Structures are given as C-alpha cells and as structure tokens.
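Participant: Residue-level listing of the chains:
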Amino acid sequence: METHSPVLFLLGASHHTAPLAVREKLALDNARATALAARLQQTPGIREFTLLNTCNRVEIYGVARNGDALDTMRHALCEITGVTPAEFDTAGFLRQNHDTVAHLFSVASGLDSQIVGETEILGQVKEAYDSALAKKWTGPVLNRVFQKTFQAAKHIRTHTAIGAGQISVATVAVDLAGRIFGDLTATKVLVVGAGDIGLKTVQAFQSRGAASITVASRTLSKAEDVAAIAGGWATTLAELPEAVAGADIVASSTSSPDFVLTRDLIAASIKRRPARPLFLIDLALPRDIDPAAAQIANVFLYNLDDLAEIAEENLAQREAEVAKCRAILAERTAALWPQVAHSLNATSEK
Amino acid sequence: MSSLFTDRALLWVGALLYLAGFLTGLAALTRRQQTSAGLRTLLNSFLVAGWIVQMAGLYVRGTAVGGCPLGNKFEIVQFVAWSAMVLYFFVGPAFRLSVLGLFTAGYAAALSIVSLLVGRWDLVRNAKIFGPNPWIELHAALAVFSYGVFGLLALTSLMHLLQNWSLKHKRLNGLFWFLPSVVQLDQINYRMLALGMLLLTFSLCVGAAWWVRDLASVDLTKLVVTLGVWIVYLTVLVMRWRTWLVSVRFAWVCLVMFIIALLSLGPVNSSRHHEVVLTPER
Numbered sequence: 001m002e003t004h005s006p007v008l009f010l011l012g013a014s015h016h017t018a019p020l021a022v023r024e025k026l027a028l029d030n031a032r033a034t035a036l037a038a039r040l041q042q043t044p045g046i047r048e049f050t051l052l053n054t055c056n057r058v059e060i061y062g063v064a065r066n067g068d069a070l071d072t073m074r075h076a077l078c079e080i081t082g083v084t085p086a087e088f089d090t091a092g093f094l095r096q097n098h099d100t101v102a103h104l105f106s107v108a109s110g111l112d113s114q115i116v117g118e119t120e121i122l123g124q125v126k127e128a129y130d131s132a133l134a135k136k137w138t139g140p141v142l143n144r145v146f147q148k149t150f151q152a153a154k155h156i157r158t159h160t161a162i163g164a165g166q167i168s169v170a171t172v173a174v175d176l177a178g179r180i181f182g183d184l185t186a187t188k189v190l191v192v193g194a195g196d197i198g199l200k201t202v203q204a205f206q207s208r209g210a211a212s213i214t215v216a217s218r219t220l221s222k223a224e225d226v227a228a229i230a231g232g233w234a235t236t237l238a239e240l241p242e243a244v245a246g247a248d249i250v251a252s253s254t255s256s257p258d259f260v261l262t263r264d265l266i267a268a269s270i271k272r273r274p275a276r277p278l279f280l281i282d283l284a285l286p287r288d289i290d291p292a293a294a295q296i297a298n299v300f301l302y303n304l305d306d307l308a309e310i311a312e313e314n315l316a317q318r319e320a321e322v323a324k325c326r327a328i329l330a331e332r333t334a335a336l337w338p339q340v341a342h343s344l345n346a347t348s349e350k
Numbered sequence: 001m002s003s004l005f006t007d008r009a010l011l012w013v014g015a016l017l018y019l020a021g022f023l024t025g026l027a028a029l030t031r032r033q034q035t036s037a038g039l040r041t042l043l044n045s046f047l048v049a050g051w052i053v054q055m056a057g058l059y060v061r062g063t064a065v066g067g068c069p070l071g072n073k074f075e076i077v078q079f080v081a082w083s084a085m086v087l088y089f090f091v092g093p094a095f096r097l098s099v100l101g102l103f104t105a106g107y108a109a110a111l112s113i114v115s116l117l118v119g120r121w122d123l124v125r126n127a128k129i130f131g132p133n134p135w136i137e138l139h140a141a142l143a144v145f146s147y148g149v150f151g152l153l154a155l156t157s158l159m160h161l162l163q164n165w166s167l168k169h170k171r172l173n174g175l176f177w178f179l180p181s182v183v184q185l186d187q188i189n190y191r192m193l194a195l196g197m198l199l200l201t202f203s204l205c206v207g208a209a210w211w212v213r214d215l216a217s218v219d220l221t222k223l224v225v226t227l228g229v230w231i232v233y234l235t236v237l238v239m240r241w242r243t244w245l246v247s248v249r250f251a252w253v254c255l256v257m258f259i260i261a262l263l264s265l266g267p268v269n270s271s272r273h274h275e276v277v278l279t280p281e282r
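Top to bottom, those sequences are chains A and U. In terms of the working numbering, the first sequence opens at residue 1 and continues consecutively. In terms of the working numbering, the second sequence opens at residue 1 and continues consecutively.
Among the clues, some could well be false.
[To be verified] Far from chain A, some chain U residues (derived; all Cβ distances over 10 Å):
1. Val13
2. Val48
3. Pro134
4. Lys168
5. Pro180
6. Val183
7. Leu220
8. Trp244
9. Val246
10. Arg249
11. Leu255
12. Ile260
[Stated by the list, open to error] Just some of the chain U residues that point at chain A, by a computed CB distance under 7 Å:
13. Leu167
14. Arg171
15. Ser181
16. Val182
17. Gln184
18. Thr243
19. Leu245
20. Ser247
[What the hints assert, rightly or not] Mimicking BS3-like on lysine-lysine, the simulated pairs with C-alpha atoms at most 30 Å apart in a straight line are:
21. Lys222(A) x Lys188(A)
22. Lys200(A) x Lys168(U)
23. Lys200(A) x Lys188(A)
24. Lys148(A) x Lys200(A)
25. Lys222(A) x Lys126(A)
26. Lys25(A) x Lys126(A)
27. Lys168(U) x Lys271(A)
28. Lys324(A) x Lys222(A)
29. Lys25(A) x Lys170(U)
30. Lys73(U) x Lys222(U)
31. Lys170(U) x Lys200(A)
32. Lys148(A) x Lys126(A)
33. Lys324(A) x Lys25(A)
34. Lys148(A) x Lys271(A)
35. Lys135(A) x Lys154(A)
36. Lys188(A) x Lys170(U)
37. Lys25(A) x Lys73(U)
38. Lys170(U) x Lys271(A)
39. Lys154(A) x Lys188(A)
40. Lys135(A) x Lys25(A)
Calculated from the structure, these hints are not laboratory results. These figures come from a predicted structure and were not determined experimentally. All C-beta atoms, glycine included, are put in the ideal place defined by N, C-alpha and C.
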C-alpha cells in the first residue's frame, strides 16, 4: 500500500466476500470491538474511524494518513479476531476515497444487504456512527460523509420502490413457519436472546397471532423486558431444555461464541414431543444452533444465510429498482466526493 | 350408436376426463398460477365430470351383472379410483390450488387407464360372488372403499414426504409452494388412516358375521391376506396414536402399506371361484 496522502478508507468483509465461517471469526463482540478500537487509537496514522459490526459485515471506515497505517490496522484486525492475513486477503476488501463513499451509501440504503432494500442496516449504521461520535473517534471527514450518507439513504427510501413489499429475515422466518405449521395461532414460540433481532422476531410472530411467546435470555430482567412487549413469558438460558421441549418454533439470536442449542439438547427435546415438528431459526453470528441438529427427523433448521437466500428469491423483482437506486447514489457520490477530498486535503495541511 | 354407452366406453371417458384434470392442474402449477380461480374451477369441473361418467360406467356394469361391480381386478381398481375421488371431494377444498386434486386426478387417471388397458383383468369375472345376500355386497363395497381411503392416504403421505424434503433441503419453489404444511398433512394422514381402518374393520365384521355360518365360503389365502392387511394397518394406527410412528416414517409406512395392499388384491381376487368369461359385447 503506497498511499502517501490522507485517504478515506474502508477495510472489512461482508457476506458478499466472506463465507459464514470466516464471518463468524471476524464478528466483533464488545470485548473485541473495544480492543480493536484501542489499537486503532494507538495507531499513529489513523485519524478518524467508525466500526460497523453487523451479522453480515465487519467494516472499519476511517481516515488514514498513509498506507502503513492501513497495514497496521489490517494486522490488528487479524490479530484480534484470529483470522489469518491470508484468509483476510481472500475474504476481505479495502476501498479508498470515492469508492468508500459509494460503498457506504450503498450499504446504508440497503442495496448491499443480503435482503436488498431492508431497513435494519440504516439503523445499524446510525448506531455505529453515534457510538463513534460519542467516543470522539470521528472527525470532520467522517462526520460529513456519514451525515450525507443518512440523507442519501432517506432519499432512496422515499423516492424509489426499493422498500416496497418490505421483507426482513424475521418475516421470511415467519412465512417458513407457516409452511411447517400452517396456521400459527396454535404455535408456541421461544425466542432465545433479548437483543434487537430477538425483539423483531417476537414482534413478527406476535403479528401472526402465535399462541404464546417465551423469551429466554442470560439475564431474566432483559428477557422480561422483551416478553412484556409481546405479553409473553420470560425465562433464563438455564431453563432452555424445558423451554425448547415445550416450543414449536425456536428463534435464537444471542451473541454467545458457542452453540446455545446443541444437537443433544434438541434431540432430547424432540423425543419429548415426537409428533410435533420443531422449527429452529438461527439468527445469530456466530451461530447459536448446532448445524448437526438439521439431521434430526422432524427438525427444520434455517440459519441467516438460508433465510437470506429465500428472501433473495422472493425479492427478485426489487432488482429492477436497484439500478435506479444505484444511479441516484452515483450522482450523490459524485457530488459529495469533491467536498470530502477537500476536507481530506485540509486535514493533511494540519 | 348403442356402443357409445357401454360400460367400458363410459369408463374410458371418465379416465380421460381425470387425465384432462391432471394436465390442467399441472399446467397451473408450472405457471405458478396459485390464485387462478378459473383454472381451479376447470380442474374441479374435469374431476366432477370424470367422476359422474365413471359412476355411470360402473352403474351400467352393475346393472349388467346384477350387483355391485366388484367381480374382477378391473372392476375393483375402477372402484378404488372412484372411491378416492369421492373422498377428495370431501377433503380437497382445504388444499391450495386443489393440489390434492392434481394428485388425485393423476392417481385416478393412472388407475383407470391401466385397468382399461390391461385387457386380461376384465376377461373373466366371478359369478354370483355375493349371492342373494346384500350384507356380503356391503362387506365387499366397504372393503374396496377403504382401499380408496388408503389410496388417498398414500397420496397425502407422498405430499408429506415432498413437503418435508423441500423444507429439509430448502427447495421451496415450484410444486412445493402449493403443498399444505407438514403439520396439516400429518393430521390429514392420521384422520385418513383412522377412517380407512373404521371402514375396513366394519367391512370385515360384516364379512365375519356371515363367514362363521359358512366357513368354506372364504378360502385360506383370502382370509390370511385380508387379515394381514387389516392387522398391519391397525398396528400402524396404534403406533401413530401412541406417537411411536410419526412424521416422515409414518408417511413412508402409509405409502408402502398401500402398495402392499394393492398387490394383495391379486391373491384375494384369484382365490375366488366360479369365474365366467365375459362376452366381447361388454
């Protein structure tokens, strides 16, 4: 990397470039994110940065003074996540300047998402930026780029049909549940994990009239908060064997690095209710549910990639709209880039 | 002109109407016209017309032989197809795009056409198998009707296996989109098995009541095969009730059992006596 003037960069990996196994390794939990941020702050050439960490992507946006800083940052990411540099070179990507802006616009608008046009990503980008802003990791360049990104994403949402017939992972999962159980009003849903995805899953099943919803979390109070929204029950992960045995649908989205639902636990549960199928939805990364559970009779296991693939099939008609969106974003990128370049040059003079 | 209304001619027309229904349903599926009320109506119209014409053919045959037309393999297979269609009219509306109608149409068309094409199945028939006793006739009709139920059970079992495969292998488009949920299919299978068993048990009870008065009237082959089929279906029903046999295994057993039950018709039918050769005019 022979860069000598400040660059706006993006270093990362996403579902487009990295297989699930590599993304699992790259996923940044709180401890890893904190460690990476500390390393970036200590790297002399890094002036600004923001960490975007979702189920489908780990991306570092920032401003670097030179190419050496980018190399240092790549090594830090590999060291902290345990991904080898060779693996990262295959599965990751580096974008600079104009391409970084174009990519961020595309990501925030949902064009780069597994489910094209989904809106969750915009909230995740905003959250990542707000967090970086609060911690003073950003500066004039990133602040401007992110503010313009939010404007562009909003424009796309309101001026195109990219969000028409909106489908999220949660709603795809609910549709699949219908293929297994038919009417969902007699089904019992167990949601493992009380985070955002857990909450969305609860709401999706609630809207389809699920008979009962139970939320399990490591902390009972968190589970109670989410369960209260659905008028459901709360329990802890310690009670999982009992809860799974009583459920028809289990959606798991914890941040646990290990399997929360093992094959043995699921096999034991299905033995207790052999006549009823069990629909397992793994919304977590790293995965919460042992993939070997899919081999058990009457168990149907779908992970994030599976759901996204189905959604992509369902959303093929949105593809026509993507070209229109990209044209709009290209115009906006072209309009913004000279201003960002000017800001970059201004920072180099300081 | 009169030859147009022979039993076999009518049964041919019925079979071709079933085939037309099957092809209509297949065309609708390949075009993914899941909301096409017109095609659904057309499919059901073919099936209703086919069923009426087939019934007319069986009526002509029944009038000619002076009783229920169950005297040879051809008549039994025709009656099994007719029974399956009757049942479809009761349970079919629960299915999207009459997907069960598609399966039933294909099944009834296949049974009817094969029975019409295999000439030797209809060369001879058992004469006076029921005698003057209407209870024996009821026994035979119910037994064959229960085979119709088991036939439909085999179809819904096949649908269960296809839906399970599609969900396990994540192939959710095409035909699979139209199949009912696995839970619905499992419940339908369970109810269908219970209904088939009820009919077969009642039929055997009626037959047994007369058999004890004349032990020589039924030979050992027929007795063993009939009781064997009944015992195996009863075992399957009990195992399903106790949830020892569920889901895919249950569906497989129902499917295989029906094939065995169909094959058992051969020894049951050939064990009869008093065969007469049918005249070419029939």
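Participant: Now, for every hint given, state plainly whether the structure supports it.
Facilitator: Outcome of the hint check:
With a least beta-carbon separation of about 37 Å from chain A, valine 13(U) lies farther than 10 Å from that chain, consistent with its non-interface assignment. The Cβ of valine 48(U) lies farther than 10 Å from every Cβ of chain A, with a closest approach of about 27 Å, so its non-interface assignment holds. Proline 134(U), annotated as away from the interface, keeps every beta carbon of chain A farther than 10 Å; the closest lies near 41 Å. In this structure lysine 168(U) is not separated from chain A by more than 10 Å, as the shortest Cβ-Cβ distance comes to only about 7 Å.
Some Cβ of chain A comes within 10 Å of the Cβ of proline 180(U); the nearest lies about 7 Å off, and the non-interface call is violated. At roughly 5 Å from the closest C-beta of chain A, the C-beta of valine 183(U) falls inside 10 Å, breaking its exclusion from the interface. No beta-carbon of chain A is positioned within 10 Å of the beta-carbon of leucine 220(U); the least distance is around 38 Å. Remark: the non-interface label on tryptophan 244(U) conflicts with the geometry, its nearest Cβ contact in chain A lying 8 Å away (cut-off 10 Å).
Chain A draws valine 246(U) into its interface by the beta-carbon criterion, the shortest separation being 5 Å against a cut-off of 10 Å. At the 10 Å boundary, the C-beta of arginine 249(U) falls inside the reach of chain A, the nearest C-beta of that chain being 7 Å off. No Cβ of chain A comes within 10 Å of the Cβ of leucine 255(U); the nearest lies about 16 Å off, and the non-interface call holds. Isoleucine 260(U), annotated as away from the interface, keeps every beta carbon of chain A farther than 10 Å; the closest lies near 23 Å.
With a cut of 7 Å, the hint placing leucine 167(U) at the interface with chain A holds, because the nearest CB-to-CB distance is about 5 Å. The interface hint given for arginine 171(U) is broken, as the beta carbon of that residue sits about 10 Å from the closest beta carbon of chain A, more than 7 Å. Interface hint status for serine 181(U): upheld, as the beta-carbon distance to the closest one in chain A is roughly 4 Å, under 7 Å. At its closest, the beta carbon of valine 182(U) sits 6 Å from a beta carbon of chain A; the interface hint therefore holds under the 7 Å criterion.
For glutamine 184(U), the interface hint holds, the least distance from its beta-carbon to any beta-carbon of chain A being 5 Å, beneath 7 Å. The interface hint given for threonine 243(U) holds, since its Cβ lies 5 Å from the closest Cβ of chain A, which is under the 7 Å cut-off. Checking leucine 245(U) against chain A by beta carbon gives a least distance of about 9 Å; that is not within 7 Å, so the hint is violated. Below 7 Å, beta-carbon pairs count as interface contacts, and serine 247(U) has one with chain A at about 5 Å; its hint therefore holds.
Distance restraint check for lysine 222(A) and lysine 188(A): the Cα-Cα separation of roughly 20 Å lies within the 30 Å cut-off, and the hinted pair is therefore satisfied. For the hint pairing lysine 200(A) with lysine 168(U), the CA-to-CA distance comes to about 25 Å; that is within 30 Å, so the pair holds. Proposed proximity of lysine 200(A) and lysine 188(A) is supported: the alpha carbons are some 16 Å apart, at most 30 Å. The hinted pair formed by lysine 148(A) and lysine 200(A) meets the criterion: a straight-line CA distance of about 28 Å does not exceed 30 Å.
Under the criterion of a C-alpha separation no larger than 30 Å, the hint pairing lysine 222(A) with lysine 126(A) is consistent with the structure, at around 23 Å. Restraint check for lysine 25(A) and lysine 126(A): satisfied, since their Cα atoms lie roughly 24 Å apart, inside the 30 Å limit. Restraint check: the Cα-Cα separation between lysine 168(U) and lysine 271(A) comes to about 19 Å, which is no more than 30 Å; the hinted pair holds. At most 30 Å may separate the alpha-carbon atoms for a hinted pair to count; lysine 324(A) and lysine 222(A) exceed this at roughly 42 Å.
For a cut-off of 30 Å, the pair hint linking lysine 25(A) to lysine 170(U) stands: about 26 Å separates their Cα positions. A hinted pair counts as satisfied when its Cα atoms are at most 30 Å apart, and lysine 73(U) with lysine 222(U) qualifies at roughly 14 Å. Only pairs whose Cα atoms come within 30 Å are accepted, and lysine 170(U) paired with lysine 200(A) is accepted, the gap being roughly 23 Å. Of the supplied pair hints, the one linking lysine 148(A) and lysine 126(A) holds, its CA atoms being roughly 12 Å apart against a limit of 30 Å.
As the CA atoms of lysine 324(A) and lysine 25(A) are separated by approximately 35 Å, the hinted pair breaks the 30 Å bound. In summary, the hint linking lysine 148(A) to lysine 271(A) is not supported, as the alpha carbons are separated by about 55 Å, beyond the 30 Å threshold. With a C-alpha separation of about 25 Å, the suggested pairing of lysine 135(A) with lysine 154(A) holds against the 30 Å cut-off. Between lysine 188(A) and lysine 170(U) the CA atoms are separated by roughly 23 Å; this keeps the pair inside 30 Å, and the hint holds.
As the CA atoms of lysine 25(A) and lysine 73(U) are separated by approximately 66 Å, the hinted pair breaks the 30 Å bound. At roughly 24 Å between alpha-carbon atoms, lysine 170(U) and lysine 271(A) fall within 30 Å of each other, so this suggested pair holds. Among the hinted pairs, lysine 154(A) with lysine 188(A) is inconsistent with the structure: their alpha-carbon atoms are about 37 Å apart, more than 30 Å. At most 30 Å may separate the alpha-carbon atoms for a hinted pair to count; lysine 135(A) and lysine 25(A) meet this at roughly 25 Å.
Hint check: violations occur at hints 4, 5, 6, 8, 9, 10, 14, 19, 28, 33, 34, 37 and 39; the rest are consistent with the structure.
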